[in-house]
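Asker: The primary structure of each chain is shown beneath.
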Amino acid sequence: MEISKTSKAKLVASGVIPFAFLVIMIAYIFGPGADLLGLGVALPEITIEKVDFVGPEIVVTVRNTGPIPVEVVMADVNDRIQPAAIEPDRFLERFESATVRIPFDWNVAEPYIVGLTVGDGTRFEKEIAAAAPALVPNIELASFFAVIGTYVGIIPVMIGLLWLPFIKRISKNKYHFFLALTAGLLLFLGIDSIEEALEVSKESLAGSFNPVLLVATVTVLSFLGLYYSAEKLTKRAESSKMTKPVAIGLMIAIGIGLHNFGEGLAIGAAIGLGSIAFSTFLIVGFALHNTTEGIAIAAPLSRGKLMVGKLAALGMIAGAPAIFGAWVGGFVYSPFTSVVFLSVGAGAIFQVIVIILKWIREEGDRNLSSAAVASGFAVGMVVMYLTSILI
Amino acid sequence: MVFALAITAIFAAFYFAYPGLSDAKPEEKAFVTHNGAVMRTTGEVLDPIYTSQTVEFDPDKYLRQFNYGRVSALPDGKVLREFTIIAEDDKMMEVSPGVFYNVWTFNGTVPGPTIRATEGDVVRIKFINNGSKSHTMHFHGIHEAEMDGVFEIVGSKGQFTYEFEALPVGVHPYHCHVMPLEEHIVHGLYGVYIVDPKEGRPPADEMVMVLNGFDTDFDTENNFYAANSIPFYYQHHPIQINVDELIRVYVVNMVEFDPINNLHLHGNLYHYYPTGTDTVPSTYTDMITLSQTERGIMEFKYDYPGKYLFHAHKVEFSEKGWVGLFLVKGDSEETEYGN
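The listed protein sequences derive, respectively, from chains A and B.
Using my numbering, you'd call the opening residue of the first sequence number 22 and step up by one each time.
Using my numbering, you'd call the opening residue of the second sequence number 3 and step up by one each time.
With the rest of the complex left out, here is chain A (with noise of 0.2 Å):
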């Protein structure tokens, strides 16, 4: 017992100690020895997130991404001062957000360069390619953005689906080819996603976010979180009556499911900023392109039962966010929160390409080196990027 005791008190004591130095030593950093970190000048940062054409207002969201508090002092259309309104207040704490509405007789569809001035006069701004009035949310326009949603996910991943007695009929080899296709073409689309993800951070998510790092933190803790409790479902199919297969297709539906709520945010702020011609693009090009994703669902489960209701539910649950990701993107757009559910997505997908590469191992090509998985990865990007072209 005494032993035991003491031998604990060792255990903690070697645990805790270390620790202690390091508080000793990140006290004295901040302390005494400040002079070695000679911290230079603190700027004042602001990043204008959105930018939002209200009736006779012009509605500017603003946050404070530097190191140190700022006081907003002072707005401007195209560099021309103009009174304005802030809330809460002008004073903004690091991270802390407010909003600016600036009357102006806007026109719809011209450029504008909104400028806001801080404290020690430096001003930052914003450009708008096109003015258009915000959507307001009601159900004309929700219903309006569930069609879109339905025609760009759910209608092209059923009649992928459809492709699924084809499967079903051809030889194990030619089903690896398949199975291999459909990583192909979620590389793509994980691919896809991490560039879109960095691409809007890039426009309108300030430095002080890390967001190259965010878009990777996001990602491998979606990747992680998905792998753990992947495989924690399929376990449980083993058990139960939901067959691998099933679980595989639920996990591929799971992933697209989430990058299709990307691919909704997409078409819903391309339409919130006004840029219809983008949208239609977005539209025709996802919709096309979205096919194959019915494709990637269907080659796992063509080697269980065919049940018509688990295959609709599934092409629900990878088709069905686009409307949801359209209502947000189009109603309440915010970069972080796309930043965040692309990478999300991207996380998901790489999760399912590691599952489906595990299947075709157990399925008998222990070295994923036959022809028919080397050509069905090539042929899945090359499809993906081909369609890509389109949007």
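In short, the hints are calculated from the structure, not lab data.
Bear in mind the structure is a predicted one, so any value in this text is a computation, not a measurement.
Hints may contain errors.
[Unchecked claim] Calculated cross-link-like contacts (lysine-lysine; reagent style DSS-like; alpha-carbon spacing at most 30 Å):
| hint | chain 1 | residue 1 | chain 2 | residue 2 |
| --- | --- | --- | --- | --- |
| 1 | A | Lys326 | A | Lys379 |
| 2 | B | Lys200 | B | Lys63 |
| 3 | A | Lys147 | B | Lys316 |
| 4 | B | Lys128 | B | Lys93 |
| 5 | A | Lys147 | B | Lys31 |
| 6 | A | Lys331 | A | Lys379 |
[Unchecked claim] If you want the footprint, here are the derived chain A segments under chain B, 3+ residues with CB under 8 Å:
| hint | stretch |
| --- | --- |
| 7 | 81–95 |
| 8 | 104–113 |
| 9 | 118–124 |
| 10 | 141–148 |
Note that CB positions come from ideal geometry on N, CA and C, so glycine has one too.
With the hints as your guide, set chain B onto chain A.
Answerer: Relative to chain A, chain B alone:
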């Protein structure tokens, strides 16, 4: 556990994206926009025009303040005018409500004091540099080479005495002439030097307007423009003048970065004397265009009382502060109740 973490992260993301839902202030205030509409807000008003002025520099005081120096007679009968000018470069001035900018000053203000002498007087200026950088005083006008304030650099804590005869008649700028010159000027080291003709000018309500600007974010473009430093000041505090009284404005353009500035008067025209060196006006107009350090004298009278705008007709400048009002007061008191 990992999944829970991911969910927490997503909720945290929502917090970052949509904060500020909590602390709402119930009280509402209203303000008037440029086009006269009334806007209500529960927040604060950002407005350089309609809020009360908090700035330290007083453009009203500067407008009509002329410094004649300590006057004494020299043995040869000439009038000696002595001035003391101290340069500093560490002052933070509120150049527009809420905007603090490091100004470099003569006697603590931008513009520096208006120095006034009569043609032929001897002007002696004891210049003390209390700044951390080198500075000088370069006067436009006629003087000896060593009084030009260009090669006689006055270092930190140094002194120099400028002495010259007041010549020629007119309105002239003075400014620091240390390289990099533009930096020293845009930080505020300039002022006005007026030389009156011996016979004097007709009596008038006289004022000085220095057209200037501030580049507060150092991108070689002005963020603010003004007459006498504070943007929109005279729009909020109209300059009060009397109907039928002769008004004489000494205008000096000290705007850097922009090739021209101008001055347009509403409801009236003025006689304009470029540089003020000639006693005959060159033109009768409501619009003059001035390049850097171009200056002149405007003379006019208002026939009708009321509010009259004056501003840069380079509208960008007026929308960034270079705009003001004359409030012309009628002589009704005199006619109705007077003798």
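Asker: Run every hint past the structure and note whether it holds.
Answerer: Outcome of the hint check:
no.	hint	verdict
1	Lys326/A - Lys379/A	holds (21 Å)
2	Lys200/B - Lys63/B	holds (26 Å)
3	Lys147/A - Lys316/B	holds (24 Å)
4	Lys128/B - Lys93/B	holds (21 Å)
5	Lys147/A - Lys31/B	holds (28 Å)
6	Lys331/A - Lys379/A	holds (23 Å)
7	81–95	holds (count 4)
8	104–113	holds (count 8)
9	118–124	holds (count 6)
10	141–148	holds (count 4)
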